[in-house]
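Chains as they are written, first to last, in the numbering used here: chain X, 48 to 481; chain Y, 48 to 481; chain D, 48 to 481; chain Z, 48 to 481.
Be aware that one or more of the hints could be misleading.
No copy labels: a pair is met if it fits in one copy or bridges any two.
Said to hold, decoys possible - Simulated crosslink set (EDC-like; lysine to aspartate or glutamate; CA at most 20 Å straight-line): (1) K222 - E158; (2) K223 - D319; (3) K292 - E137; (4) K292 - E434; (5) K223 - E295; (6) K292 - E308; (7) K223 - D338; (8) K222 - D338; (9) K222 - D175; (10) K292 - E281; (11) K320 - E287; (12) K222 - D400; (13) K222 - E308; (14) K292 - D338.
Quick caveat, the hints were computed from the structure, so don't treat them as lab data.
Just so we're clear, the structure is a prediction, and the values are computed from it rather than from any experiment.
There are 4 protein chains.
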Amino acid sequence: MTATVSQSYLPNSGSAYARRYSEVRAQSATLTARLSPEDQQVQSMPDVSPTKWHLGHTTWFFETFILRPQRPDYRVFDSSFNYLFNSYYEAVGPRQLRAERGLITRPAQDEVLAYRAHVDAALADFLDELTAGELEDLRYLLELGLHHEQQHQELILMDIKHVLSRNPFGPSYRKKEPAAVYGTHALHWFDVPGGVYRIGHADDGHFTFDNEMPAHEVVLGDFALASRCVTNGEYLEFVEDGGYKRAEFWHSDGWALINREGWRAPLYWQPDKNGNWAEFTFAGVCPLYHDAPVCHVSFYEAAAYAAWAGTRLPTEAEWEVAARHFEVARRPRAGANQMASGYLRPIPAGEADPEAPQGMLGDVWEWTESAYSPYPGFQAAPGAVGEYNGKFMINQMVLRGASCATAPGHTRITYRNFFYPHQRWPFAGFRLAA
Amino acid sequence: MTATVSQSYLPNSGSAYARRYSEVRAQSATLTARLSPEDQQVQSMPDVSPTKWHLGHTTWFFETFILRPQRPDYRVFDSSFNYLFNSYYEAVGPRQLRAERGLITRPAQDEVLAYRAHVDAALADFLDELTAGELEDLRYLLELGLHHEQQHQELILMDIKHVLSRNPFGPSYRKKEPAAVYGTHALHWFDVPGGVYRIGHADDGHFTFDNEMPAHEVVLGDFALASRCVTNGEYLEFVEDGGYKRAEFWHSDGWALINREGWRAPLYWQPDKNGNWAEFTFAGVCPLYHDAPVCHVSFYEAAAYAAWAGTRLPTEAEWEVAARHFEVARRPRAGANQMASGYLRPIPAGEADPEAPQGMLGDVWEWTESAYSPYPGFQAAPGAVGEYNGKFMINQMVLRGASCATAPGHTRITYRNFFYPHQRWPFAGFRLAA
Amino acid sequence: MTATVSQSYLPNSGSAYARRYSEVRAQSATLTARLSPEDQQVQSMPDVSPTKWHLGHTTWFFETFILRPQRPDYRVFDSSFNYLFNSYYEAVGPRQLRAERGLITRPAQDEVLAYRAHVDAALADFLDELTAGELEDLRYLLELGLHHEQQHQELILMDIKHVLSRNPFGPSYRKKEPAAVYGTHALHWFDVPGGVYRIGHADDGHFTFDNEMPAHEVVLGDFALASRCVTNGEYLEFVEDGGYKRAEFWHSDGWALINREGWRAPLYWQPDKNGNWAEFTFAGVCPLYHDAPVCHVSFYEAAAYAAWAGTRLPTEAEWEVAARHFEVARRPRAGANQMASGYLRPIPAGEADPEAPQGMLGDVWEWTESAYSPYPGFQAAPGAVGEYNGKFMINQMVLRGASCATAPGHTRITYRNFFYPHQRWPFAGFRLAA
Amino acid sequence: MTATVSQSYLPNSGSAYARRYSEVRAQSATLTARLSPEDQQVQSMPDVSPTKWHLGHTTWFFETFILRPQRPDYRVFDSSFNYLFNSYYEAVGPRQLRAERGLITRPAQDEVLAYRAHVDAALADFLDELTAGELEDLRYLLELGLHHEQQHQELILMDIKHVLSRNPFGPSYRKKEPAAVYGTHALHWFDVPGGVYRIGHADDGHFTFDNEMPAHEVVLGDFALASRCVTNGEYLEFVEDGGYKRAEFWHSDGWALINREGWRAPLYWQPDKNGNWAEFTFAGVCPLYHDAPVCHVSFYEAAAYAAWAGTRLPTEAEWEVAARHFEVARRPRAGANQMASGYLRPIPAGEADPEAPQGMLGDVWEWTESAYSPYPGFQAAPGAVGEYNGKFMINQMVLRGASCATAPGHTRITYRNFFYPHQRWPFAGFRLAA
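Chain X extracted, bound-state conformation (with noise of 0.2 Å):
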């Protein structure tokens, strides 16, 4: 986030930049296609947002970061806008209570999908007229609009999954899923020998939130981290074995949590007639899925599911000295990129690897150990765009790899999602460490 980020991978004309940007734009159309004014409309808690108001939100986020300073004649689309589509910059001025965005009925679909289409024909429009050294100096705003961008489509998808689950008929997003034809394999380990590494995202000139960087140092011990992620049928085998029952597995918050809401599997698993367990997906109430990786859990389930089986979560410093030890980013396995290849469901490991563990760039963002701390010598963002992290370091747990909601090109292995410890709504499962 400095000014030395050169970027240098990037499209280094503005017209084949305005083409990347047209690209990743155009995959929140395509995810929000199917869905109706009124599913667009309702923000089914206070977590979620409804559809619409993401589309307009990170379309504000171009509008305001970038034409407003940039283009003295842009004409603003609608000055309430403002107002309706800041998420929570206070430096930006006021806005729309985050649990009351549902209430925004007007605009409706129409017009924020006018205001996409108004916004983006005036980025491509200066794109195209910027020479090389303006969008050297613009390039880190524009790829954090980018990459904000497709944050929000993961959250897209969190949300309306959400939403529709409230609907006490379980209606899908689409007709059905791809059919996925891994199996699983048994759990193994791999031996990570302890030391002194470095992690972090280096001052390199690829794309990095502020909340990776500095670089720097780290004492492990030896570990031994899990071959692939716990399944749905282990998680049963906790379930069955009274896990939601016994207080020694579970964290004090955690245990009271679970009594008061009432929990008893994870968020979107449902009994059927039968009294089997299944699911809700985005093709609806489906069998539960043995072999795939256990998803829409909290950081207290994934803790006590760790605490039933004797081990426990990795640190988020051990899952990145492993990922890199193992080189998992140049080891893309089939099927993933899911967003891309049309799976939106974690999908089973398959079969063994003796080379690396498995899944770690998808499926299911993994719980870590690890609160979300700034790394030392973290330094926000100067002005707004630095509210983009730092104010939310406290009380939230580091999640590390990627799920099957991220969008294509959105993962490194230095990024660190958190969320609070209670929150289920993410494509959120976990690894064991040892």
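Given the coordinates of chain X, assemble chains Y, D and Z onto it according to the supplied hints.
Using the frame of chain X, we list chains Y, D and Z on its own:
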């Protein structure tokens, strides 16, 4: 609500009745035609239901209580709708939680309209084939269905007004209100002598809800009723005299409420840029209309104003006796009924009428000092429709009259409307007694 | 509450009045003597006040409304007590939040007793010096203070019963209850003919609260009143018949409440080790006393029982007319008044009395179907004591009669007690009407 | 917490150990002697426990974990106390809800003191008869019981300060505080070179809680630590600079919290009649002591101050490494330990010490930037006492050092105290790092 209700004033052939049915139902379509799918989706507070839900629920009423029992060959449109559109009939089975009606994105608006068309067609067929005798037997249920539809027409207006008001930029339901040419007059009093009076709905064959029966005697002392409702201008004097800051005028529960909620004026009043009071209306935010009846106040506010003014509210018996005494049902004033003539806000009372109080059957529902209790000898109707009124006879206050949003043909001087004393989203104002 | 109240039945010399004062005040000391400082400190729910607070508050009443205005040389015991012990008199200034009375650890119990002694001594001096004329002028306020003290004696018992019940091992207020030798009788009905009746407190010089006035006429139809209150045994039949699981008997608000709170029986009922019902009493947990009136039920439960039994509750007018008709005030039954004779729980009605319904002025307050509203022509007393009743006339229901915890000399057939329909900690039961 | 903990520095005969036991236990009695039964009864918020409960609970710990397992002939004082005085040990059975500890009026204070005497006598007998070998085996549990008692001594002070503060007239715990003669000095910095350091408690036979182990290596960069904690005077500058009104300094959760709760200053600060800040202390309300460390601030407030000052809080590793580096454990300053010397409020740091930072083991617990997580290789102790620490390792932040309310002999530089980031009733302040 007994077998002796003949309702001979109603159409006595099926096909004639089909026209009546069609006219009432069409009014719902007219009221909602200008609302987008998004507008019709939102539930802005638990008391409010989405427009789409109202359209479905009133249709469900005819399907459930007429078509299903009467027509063995009737094809149910969608069996899941029994769950979605049951409001509170415990006897008809489980149902969507009231506070979660806004989560139902499926069926979409167009499916609900198709549901209406399906039921309307089946009912038209059914009515066409009905003999006069069969019609006679079903008249009470049919009329109940239509009066129920009319009640929901007013609820649709109450609810959408609240929904639109929660949009931060106060969008309008329609471009503008028709111009009203009335001023008001200095309040004067109409005396009614004390004595034993009969109130309630006589068992005379005209439609009535069960809660208006049986007719019975009450003893009243001498009293006087105001010539018109309290106006915005008068209420503003109360506000400016510190009415919301002086405990001595308030019920204890009301005082706690207005301080907890920070109420300082009626629901839709808001200061404009210059610090003058404006009000949110169906035509957007307008300057406060001083001569019009104050509207969207709670019982607590009505009672506090009365205490400040050194008077009181009438009881429901006083209201009804006065309405009979001055034959207000025979004196519709020009301009009313508002829904028919296009006014969707209360309008000023105009010049003094020496013969009778004005506006008792229009403009605003009038809070009374009477708790909503069963009349002596009250019997709820048998079966599920018996849940229509009786089970709500606690904690609520009676309002009398009708409002600018009440459907044409839905007013009676025996009509007992009821709301909780804190509710302000009805079109409710008040008239003083002494 | 007017100047014409002569109350000539009361002591007409200051020193004689001083004895009356001292007797009433001593009863408070007797009731609380067995309670530890800890028992007297706790507020187990917002409705409950600590015993210590009651003892201070009733004393503050005499200090504030008699001594301070009448005795310029009176030395205020502690000026901070005006804040601590004001209950709800807005006109007397700010005060401790009701829900935080239990936080007041200072003054300790012994200081509160010293406060009582200080005020009692000052009042004794004051009364001794009073001329008959001066006494006449002050009688209403003095009597109001004593009746207020008596009301708080009942509140002390209601509240400490709740406090002790929240101790997990159900400690007792006293070792045991006196043995009651009564059985009960099969319920029969007393008919009262319809007509125009006068109810309310005649302005006859005897003490009354302002809410019992003015006397006024009502029209009643023929009705019948039950010979006794519903018993624990009868109520148990309702429970065992699924009364708490069948929506058809309940008001909508009541049904929501019992499900939200998980109510399945009256407040202090609890299953014993063998699955039989027991009840928490002042003598600890005892087997359920089947013949005694059911007690500690809410209005909702009373009304649901009546619906289950196919009858209803009486209105307050019916209750009072019947009490007058059968002259129940002249027929105190043996055993009553309980507080005087040592029974602090409702006792069985005994054998049938062919002349009059039994237990109308003792055992349990009887819920009526009447909302607590002002009588026609009601005027609150002027000044701060005018806040005594009027501002509570909303959302509450009237109870008639008296209970086993009502102070001797504090019963009248015109007495209007009132509670919210959900409250169960009063000694409240009910009697059927038809 | 392993079998190898020899703790040979402790008394090695039972009778000598009995003296240690008696001294620690007596300190609890001394601290509470001035509190009335009422003071000891109240729970002013769910975080707070009544004094009486603390006295019972610490006694229950010895009874449950020492006497009952070790002495078959031990007579349990009252079997109901296992329910009442269990804090959170799921393995020991059900227990009184934490938020309802204030409802326990029975046992009264004198019974709790009798319980303490009973257990103390039994334990004295037991210790007297113990062989050195038996003592060796039990030492860890005995020490755990005493350290637990000392923790509750600090909790007693935290809690009673909160209870007394909620009394509207701010009563005092004692007449006055001893005079403190210290001023403070201009803040300067102590540099610590980066490197690989060892932190945590070495397994050296001295007592430690399980959460301080195992010792392990960390990598630190160069850093500097402030010579003293931030003072009231410095914090006041932040307040007066609009610190509580400027979002840019706050974590998002903290900003939401201070606005929801209306926080504008540390917990016990309050304006006096002249608008100057005063603070509630154990000696009542006193003028703000500008030179003393600020106390009773939440983590959010500490972090916001640091952001305002352009610095940060130390991590717990930095704090411990600095404490070791400057050998602060060997440099007790005059005046400390406060509890021993009678100061129950933080006192100024005094003149600058060129050798080491001041006040690291007294005055206030110091918030760090570190979330409370398990050390690498952490193992909870087996059995019920394993619930002592591990299950709380989520959502809380580590505080280091000790406070003016920490018991003598209860400080260690490896000590990890922890609270939720919103909690302010601990004696918590902070020290800056850079």
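A quick look at each hint next to the structure:
1. With identical chains, the CA atoms of K222 and E158 are at most 20 Å apart between copies only, with a shortest distance of 19 Å across copies and 28 Å within one.
2. In this homomeric assembly, K223 and D319 come within 20 Å of each other (Cα to Cα) only inside a single copy, at 19 Å, whereas the closest approach across copies is 53 Å.
3. Only between protomers do K292 and E137 lie at most 20 Å apart by alpha-carbon distance; the minimum there is 12 Å, versus 43 Å within a single protomer.
4. Taking CA atoms no more than 20 Å apart as the test, K292 paired with E434 passes between copies only; the shortest distance there is 17 Å, against 40 Å inside one copy.
5. When the C-alpha separation of K223 and E295 is checked against a cutoff of 20 Å, the pair qualifies neither within a copy, at 40 Å, nor between copies, at 43 Å.
6. In this assembly of identical chains, K292 and E308 lie within 20 Å of each other by CA distance solely inside one copy; the values are 13 Å within and 23 Å between copies.
7. Taking the shortest alpha-carbon separations for K223 and D338, only the intra-copy value of 19 Å comes in at or below 20 Å, while the best inter-copy value is 61 Å.
8. Taking CA atoms no more than 20 Å apart as the test, K222 paired with D338 passes in neither setting, with 22 Å inside one copy and 58 Å between copies.
9. Within a single copy, K222 and D175 get their C-alpha atoms no closer than 40 Å, and across copies no closer than 41 Å, so neither meets the 20 Å cut-off.
10. For a Cα distance limit of 20 Å, the shortest separation of K292 from E281 inside one copy, 17 Å, qualifies, whereas the shortest one across copies, 39 Å, does not.
11. Taking identical chains as interchangeable, the C-alpha atoms of K320 and E287 lie at most 20 Å apart only when both belong to the same chain, with a minimum of 18 Å there against 30 Å between chains.
12. Proximity of K222 to D400 under the C-alpha cut-off of 20 Å is found in neither arrangement, the shortest distances being 33 Å within a copy and 67 Å between copies.
13. Neither within a single protomer nor between protomers do K222 and E308 lie at most 20 Å apart by alpha-carbon distance, with minima of 31 Å and 42 Å respectively.
14. Within a single copy, K292 and D338 get their C-alpha atoms no closer than 24 Å, and across copies no closer than 42 Å, so neither meets the 20 Å cut-off.
Checked against the numbered hints above, the structure violates hints 5, 8, 9, 12, 13, 14; every other hint is satisfied.
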